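Asks: The task is simple: from the sequences and hints, build the whole structure.
Protein chains in written order, with this note's numbering: chain S, 1 to 207; chain Y, 1 to 174.
No lab work stands behind these hints: they were computed from the structure. Every value quoted in this text rests on a predicted model; they were computed, and no experiment measured them. Ideal Cβ placement from N, Cα and C applies to all residues, glycine included. All the given hints hold, so there is nothing to weed out.
DSBU-like cross-link-like pairs, simulated, lysine-lysine; straight-line CA separation at most 35 Å:
| no. | chain 1 | residue 1 | chain 2 | residue 2 |
| --- | --- | --- | --- | --- |
| 1 | S | K121 | Y | K73 |
| 2 | S | K122 | Y | K157 |
| 3 | S | K134 | S | K160 |
| 4 | S | K191 | S | K160 |
| 5 | S | K87 | Y | K100 |
| 6 | S | K121 | S | K152 |
| 7 | Y | K73 | S | K178 |
| 8 | Y | K73 | S | K33 |
| 9 | Y | K73 | S | K115 |
| 10 | Y | K170 | Y | K110 |
| 11 | Y | K47 | S | K178 |
| 12 | S | K134 | Y | K157 |
| 13 | S | K121 | S | K194 |
| 14 | S | K33 | Y | K166 |
| 15 | S | K191 | S | K89 |
| 16 | Y | K52 | S | K176 |
Stretch by stretch, here's where chain Y covers chain S in the computed footprint (C-beta under 8 Å, at least three residues):
| no. | region |
| --- | --- |
| 17 | 161-174 |
| 18 | 196-204 |
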Amino acid sequence: MKNLNILLLAVMIFTASSFTIQLNVIGLNEGYKVGDIATDFSLKNIDGKMVSLADFKEAKGFIVIFTCNTCPVSVRNEDRILALDKKYKNLGYPVIAINPNNPAVQPGDSYDLMKVRANEKKFTFPYLFDDGQKIFPQYGATATPHTYILKKEKGGLRVKYIGGIDDSSRNAANVKIKYVEDAVDALLENKTIKVTSTRAIGCSIKI
Amino acid sequence: MRFFRLVKCSVVVSSLLIIFSCKKEVKNQVKLEENDLIEIYNYNELKPLLAKTDERKIYVVNFWATWCAPCVKELPYFEELQASNENVEVLLVSLDFPDKFESQLIPFVKNKNLKSQVVLLDDPNENEWIADIDASWQGALPATLIYNSAKRAFYPKSFTKEDLFKEIEKFNKI
Numbered sequence: 001m002k003n004l005n006i007l008l009l010a011v012m013i014f015t016a017s018s019f020t021i022q023l024n025v026i027g028l029n030e031g032y033k034v035g036d037i038a039t040d041f042s043l044k045n046i047d048g049k050m051v052s053l054a055d056f057k058e059a060k061g062f063i064v065i066f067t068c069n070t071c072p073v074s075v076r077n078e079d080r081i082l083a084l085d086k087k088y089k090n091l092g093y094p095v096i097a098i099n100p101n102n103p104a105v106q107p108g109d110s111y112d113l114m115k116v117r118a119n120e121k122k123f124t125f126p127y128l129f130d131d132g133q134k135i136f137p138q139y140g141a142t143a144t145p146h147t148y149i150l151k152k153e154k155g156g157l158r159v160k161y162i163g164g165i166d167d168s169s170r171n172a173a174n175v176k177i178k179y180v181e182d183a184v185d186a187l188l189e190n191k192t193i194k195v196t197s198t199r200a201i202g203c204s205i206k207i
Numbered sequence: 001m002r003f004f005r006l007v008k009c010s011v012v013v014s015s016l017l018i019i020f021s022c023k024k025e026v027k028n029q030v031k032l033e034e035n036d037l038i039e040i041y042n043y044n045e046l047k048p049l050l051a052k053t054d055e056r057k058i059y060v061v062n063f064w065a066t067w068c069a070p071c072v073k074e075l076p077y078f079e080e081l082q083a084s085n086e087n088v089e090v091l092l093v094s095l096d097f098p099d100k101f102e103s104q105l106i107p108f109v110k111n112k113n114l115k116s117q118v119v120l121l122d123d124p125n126e127n128e129w130i131a132d133i134d135a136s137w138q139g140a141l142p143a144t145l146i147y148n149s150a151k152r153a154f155y156p157k158s159f160t161k162e163d164l165f166k167e168i169e170k171f172n173k174i
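Replies: Laid out in C-alpha cells, this is it:
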C-alpha cells in the first residue's frame, strides 16, 4: 500500500511538472494576443539614444513594426511604412520600427548597417535594435515585417491589431485592403476594428 | 490556367513567327521552354496539390523563395528526399515576387538544376490562403507541409537534413 502511495505521488508530480513545462513552452511561443497589455522597452535607436514608448507623452498609441534591412519583403514595404508614419504620426500613432534579427546570424542586420539603411531611405521614425532579442519573443513576432498596433489605455498599452500591413505584401499595386490603416482609422474614430489579426508573407526572424 | 492561356497564345504567336521570320522564332522558342519549367498558380489552382490522394505516397510541400536564405539552404535536403524515396513527391511552392519570375526564379531553378516540381504562387489575398494552408502559419518562410492519406503535419520552420528525414520516417511507419 505504501509503495502504491509513493507511485501515485510520483505520477502526480510527474503530471504536474510536465503540465507546467508545457505551459511555459506555449507562453514562450505565442506572445501577445489582441487585447493583451504590451510591454514597454528601452532599445537603442540609430542615433545612439535609448527609446521607450513612455517617451512619447502626446501619442495616443503606436504602430510597432518588426522589420529589418535584409528581408526583401521588408524592403518592399519600406515605402508603405514611411507612408504610415507620415499619415499617422501627427494623428497620434507614430511608427516605431524594431529590428529583431541577430546580426551574428544575419550580418546585414547589424546596428551599423541599420544606420546606413535608415539614412538611405530617410526613415522618419525610430529604428530600434532589439539587442539580445529580448523584446520580439515577448510580442510573439514571427516574421519581418510583423505589425502590432498598440493603444494607450489606463491599464497600459493595449494590443489592438497584429499582422500584416495590407493584403498584398509582395506587390503594392495589388493592395485591396489596408489592414493597418483601417485599424488605426477605427481607433481614431472610436469605432470597432473590423479585422484585428491577419497573416502575411515575411522572412523568419534570425535567431 | 491563366498561364496556360498565355502559353497557348505564345505558341500561336511563335508559330506565326516561324512562318514569317526564322530568327525571331528561335529566340521565342527558348523563352517558351524556360517558362515551361515553372507554372504560375493562384491559390485555387494550387489547392488540389495540397490534398492529393495516392495512398502509396508521402507528399512534401515546401514554401520557399529565392531571396530566403534559410529556404535556399534546405532546398538540397528536399531534392535529396525526392531522389532517394520513390514514394515521396516533393512540390516546391515559390513565394518569389511575381515581377521577378523571369529575372530571379527561372534562372535560379535552372542554375540549381532543381528536379522537384516548382510552382510560383501568385495570389494577392495572402491573409486568407496562409490560414487555409495551416492555421498555425503566420506567413514566415520557410514552411513545409507533409501529408499522406493518414496524417498531415505543418512545420513553420527550417529543417536540418536529419530532422527532415526523421519526419518522413514517421509517415513511412503509418
